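Once you have looked at the hints, place chains E and U with the ligands on chain R.
Keeping their order, the protein sequence lines are chains R, E and U. For what it's worth, the numbering used here labels the leading residue of the first sequence as 1, then goes sequentially. For what it's worth, the numbering used here labels the leading residue of the second sequence as 162, then goes sequentially. For what it's worth, the numbering used here labels the leading residue of the third sequence as 448, then goes sequentially.
Think of the hints as simulated: they come from the structure by calculation, not from any bench. Possibly wrong hints are sitting among the right ones.
[As the list claims (entries may be wrong)] Mimicking BS3-like on lysine-lysine, the simulated pairs with C-alpha atoms at most 25 angstroms apart in a straight line are: (1) K7(R) to K164(E); (2) K118(R) to K13(R); (3) K406(E) to K1196(U); (4) K314(E) to K295(E); (5) K1118(U) to K427(E); (6) K164(E) to K574(U); (7) K723(U) to K574(U).
Here the structure is a predicted model, which is why all the values come from computation and not from measurement.
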Amino acid sequence: MAQMILKMILNGKPVERRISPGDTLLDVLRGDLGLSGTKKGCGRGECGACTVIMNGKAVNSCIVPAPRAMNARIETIEGIGTVEKLHPLQETFIHCGAIQCGFCTPGMIMSAKALLDKNSNPTREEIKEAVAGNICRCTGYVKIEEAIMMAAEMIKRERRK
Amino acid sequence: MLKDYVRAQTVDEVLAALQKGDARVIAGGTDLILDLQAEKVSAEILVDINSIDDLQNIELVDGQIRIGAAVTHQQAAESQLVLDSAPVLAEACRSVGSLQIRNTGTVVGNVINAQPAADAAVALVALGAVAEIKTENGTAYQPVEDLYTGVGKSKIDSTKQLVTAVQFPALLPNQGSAFIRLAQRGALALPVLNVAVVASLVNHKVEWVRIVMAPVAPRPLRAVEAENMLRGREVNEQNILEAAKAAAARANPRDSALRGSGQYRKSVLETLVKRGLSEAFNKAQG
Amino acid sequence: MKKPAVIGKNVRKLDALEKAMGTATFTTDISLPGMLYGKVLRSPYPHAKIINIDTGKAEKLPGVEAVVCYKNTPRVKFNTSATSTFTIPPLEPVEDQYIFDSVVRYVGDEVAAVAAVSEKIAEQALKLIEVEYEELPAVFDPLEAMEPGAPDLHGPCRAGKNIPGEKIHLELGDIEKGFAEADEIFEHTFKLPVQKQAQMETQAAVAQVTADGRVTVWSTTQTPHPSRRIIATIFGLPYSKVRVLNPPYIGGGFGVRIGLSAKAEPIAVALAMQAKKPVKVVYSRREDFIASDTRHSGYVTVKTGVKKDGTFTARQMEGILNAGAYCSWSAETPGVLGAMGLSVYRCPNQMYDGHSVYTNTTPAGAMRGFGNPQAMFAIESQIDIIAEKLGIDPLEIRLKNIMQPGDKWVLPYPCRSSGLAECIKKGAAAINWQRRGKFDKTGTKRRGLGVGIGTHVSNAWPFCGDYSNAYVTIQQDGSAHLAAGVPDMGTGTVTTLAQITAEVLGISYEKIGVTFADTESTPFEIGSHASRTCYASGMAVVAAARDAKKQILDYAAEMLEVEAGDLDIENDTVVSTSNPEIKAPLSEVAVQAHLKGRQFIGVGKIIPENAPPWLAHFAEVEVDTETGQVKILKMVAAHDVGKAIHPQIVEGQLHGGLAQGIGYALGEEIKYNDKGRQLNDGFHKYMLPTAVDIPELKAIIVEAEEPSHPYGVKGVGETGLVATAPAIANAIYNAIGVRFFELPITAEKVYRALKE
Ligand code: FES
Ligand code: FES
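If we strip away everything but chain R, and leave its shape as in the complex, we get (with noise of 0.2 angstroms):
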């Protein structure tokens, strides 16, 4: 099968792989990069748990052909927090209990993430929208809503010092 190189800048560092034409950005991503953390549940877009931010914008990486990637910004999971300094969300989920199972997890925070990083100001709805392609079935979404409203308040005060 033909082979291409793809290039993209994956959580703020440029990376280049060879794929597959008809390789999906998750195939790369949990394939050679060994990325892990960005899951599969369906691999049909129809569960977000594959959500990562491409140039800003969250999208399933299941139906995302790789070659679509190419000099893009990705960020996945493994990229936006460290254990010295997690990301405001990566705090709160924990914080609130809004982790049972952890698979849908990784594809929450970066659906949330997407909608903080344009709106830190979010309302319970736009909250809810944001999210509604991420499918958890333990938590019932209550300690998600409240975790992404509380990073939306750290993200706040943060900016505000």
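Below, chains E and U with the ligands without anything else, positioned relative to chain R:
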């Protein structure tokens, strides 16, 4: 088997790439990727149009709103221009699948997919949108409404043609629109029914109205009798109810084991049309 | 009792950081050197004989390293559920499946499997397997499957046509007498749908076989020890040579993998044995929907005799459940259905008969609630019917009749605690129940309020065998390590068990390390099911920690030259209770012991009793009478959970259960077409709720004192959806005056009912 993936930079590049054998245009690809995986569609070369600058815009040109072929649902849903001058489209786009899907799938792709209930396409038909179609031989224009040849079948051949944009008249102050959708849940769901209405009023009378209903036929269905019936009539409850009845009478929804019986859809359709007309007329009255 | 230091507090969950950072390992994330990918060929027919199967072409495809089917895999019968481990004599487990058979019994049944160097090649190879089928007559409804002319799925069954296992019969008092005493008798039949667990991580396993035949399986199982038994039995291996573990996280369970993860484990092992390389099998979402256990659908009939004042004189129930093509948990579920259904209300004369029936559909197994949601939809709907007929408020009739501690019931263990009345009162206040009956009934949108109550279990005994073991070892630095065989599928088990360990030992929570869900490093433990982990596994952990503590104190007594009985451990320090000046840091005690060649190793072995959690659910709905759509405005769930070790985890369990209950009530269902094909085979077609479908959910924790557990905890994993559907159905009735006897209550059903 897929051999190459071309990220075209210009429309001409797309048209040239399509000449190279078993090639096919890919826009958002939210459905195409799945169809390729399931081997429902095959292609050796995919020609991706998302990085073509000209196709990424939503513009107002001579009173016409023009939506480029790479414009996503979410872009349309958030565009101030669309929100102001074609709110029916903004709302339709906003109801598609999920944010992730709306960030990937395109408005024009929604038309070419030719699923009768595709939300954006239903709104576009109500807006009287026209598609701009390019081939090696030049440019042609066709109403979106006329692009359907069957469920999931479009006149557009994506292995030869490229729809570069859809365009439609921006709504005027005396015009209003509505998008009414019934679905089994609030997101990640195809519509059980959707209805788009665009109406123009003059002196509290209906100048014209377009009522589009889906999925009640192999294409978004215009309620022509109801539209004609309302023309020139007063905006009042009686007329709205009569028109809604006439609209529903024209519909012929199929039984769907997943999304409800034809009978249910047909009877609820009347309510949705009624709600759509009321809302559109209200907005037109400002 | 001492004021607890750790339990009852929302400590940081042990698994949360890794999960928030995306570094937590799940089975689907595992990759081993040389690992192959397994894919499964599935039956397109609901019932057929395989006349011929030719795998030659698939074997020759470059990249394919193993192809297995019924011809080259063990002919050992088993049951994918853990029933073989749990069933205690005189009952016998039903073992009715092979890894592959020459007969397929539902659309999706396993026909063959391939291991190849990539998923794509494995998929291509599946297409090269040539199978010739002879179609057999099929049956999809349990009532039809009992008819004389219906096909026998597994030959003659002892208990009756197509009935797996035994028929269940429960009895209390004299049912005839009870009906004779009644002023009024009510009888209704309810129909329940197929619900799917739809956990986010699909069924998956990775198998590795060493040259000398030892087998390691990482998998999504909720019960590693029982799963090991099944795998060892199939492949004829000593249990000691098989290791089953979670890696350690599982993307949800909800009952779908109590036992094997569908057939992911044995298929992966069979392929790995043939290929002599590790093999990973991950079900696609579609496979997970069609070829992995569901909740039981079926019919529940309730007949109640009642006095004019609302006192129950007799209750008779019948449950006929659809087992699907293989038994799985179908012998046990009808029993839990009846037992739970009869245990909420006092009633001197009761009787239940129930069983499952094989059909050519996806096997039904365990799903959160395990028969109880089916029972309570029927019972709680009927209670409202009775209340209305007798002119009694729904809350009043419930409060009047609910089970009280000490009451006689059908269960073989006593009811020792109940906070149900408090649940009902607090829940009613939170939903503002006085508004009921005062809503405007003129517009197109109508509001209503409804209630549903229930109970559940805190482990599987006496329906199944149940016991737990645990080790607690004190490390030389004074920290403690807990080894427990129970998984944590997201329910917070590891965190709560660590809290319990810390509490008993007086060691800080941060110093507790845990190994879990691994058959090689933990003693036998049933696993995570039946709302049992905090209660039953927790008991074993308490016992192990107490054992370790005793050893510490005995040793420290010598060291400090005081009586052991005078010592306790607080804040990581051994201290005299009579003279606080006498103390030694635990680290000091541990290191001293170490220098003398001793380690404190606590062992906990328990057989649990059982205890009833109690619940009251309230729903407020709004029905659009022009479209039939039901919108839930608010739900309140007040639960008596005994002691809440980690209140936030408890709330999370309740929220999650409520959401699944909302789905069960209004939209979730797997339907079949007349060819036996599952129509709802993906998330787009299966209407589980998304964030925008969930209203405000309020969880209220009530802590009645439960004496059967050292910390007074009761089960909470399943209670959240036990009475959600009836609360909603009752609210819909309150809104529009239409009673539904069938779930889910879709917009179309509401609309039709309103038109009639
Ligand atoms: S895995 Fe991509 S949306 Fe489900
Ligand atoms: S935490 Fe399990 S699916 Fe969301």
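Structure-based check of each hint:
Taking the CA atoms of K7(R) and K164(E), the gap is about 19 angstroms. The hint holds against a cut of 25 angstroms. For the proposed pair K118(R) and K13(R), the alpha carbon gap of about 22 angstroms is at most 25 angstroms, so the pair holds. Pair hint K406(E) plus K1196(U) holds up; C-alpha atoms about 22 angstroms apart against a cutoff of 25 angstroms. A distance of roughly 19 angstroms separates the Cα atoms of K314(E) and K295(E); the hinted pair therefore holds under the 25 angstroms criterion.
Proposed proximity of K1118(U) and K427(E) is supported: the alpha carbons are some 22 angstroms apart, at most 25 angstroms. For the hint pairing K164(E) with K574(U), the CA-to-CA distance comes to about 21 angstroms; that is within 25 angstroms, so the pair holds. For the hint pairing K723(U) with K574(U), the CA-to-CA distance comes to about 23 angstroms; that is within 25 angstroms, so the pair holds.
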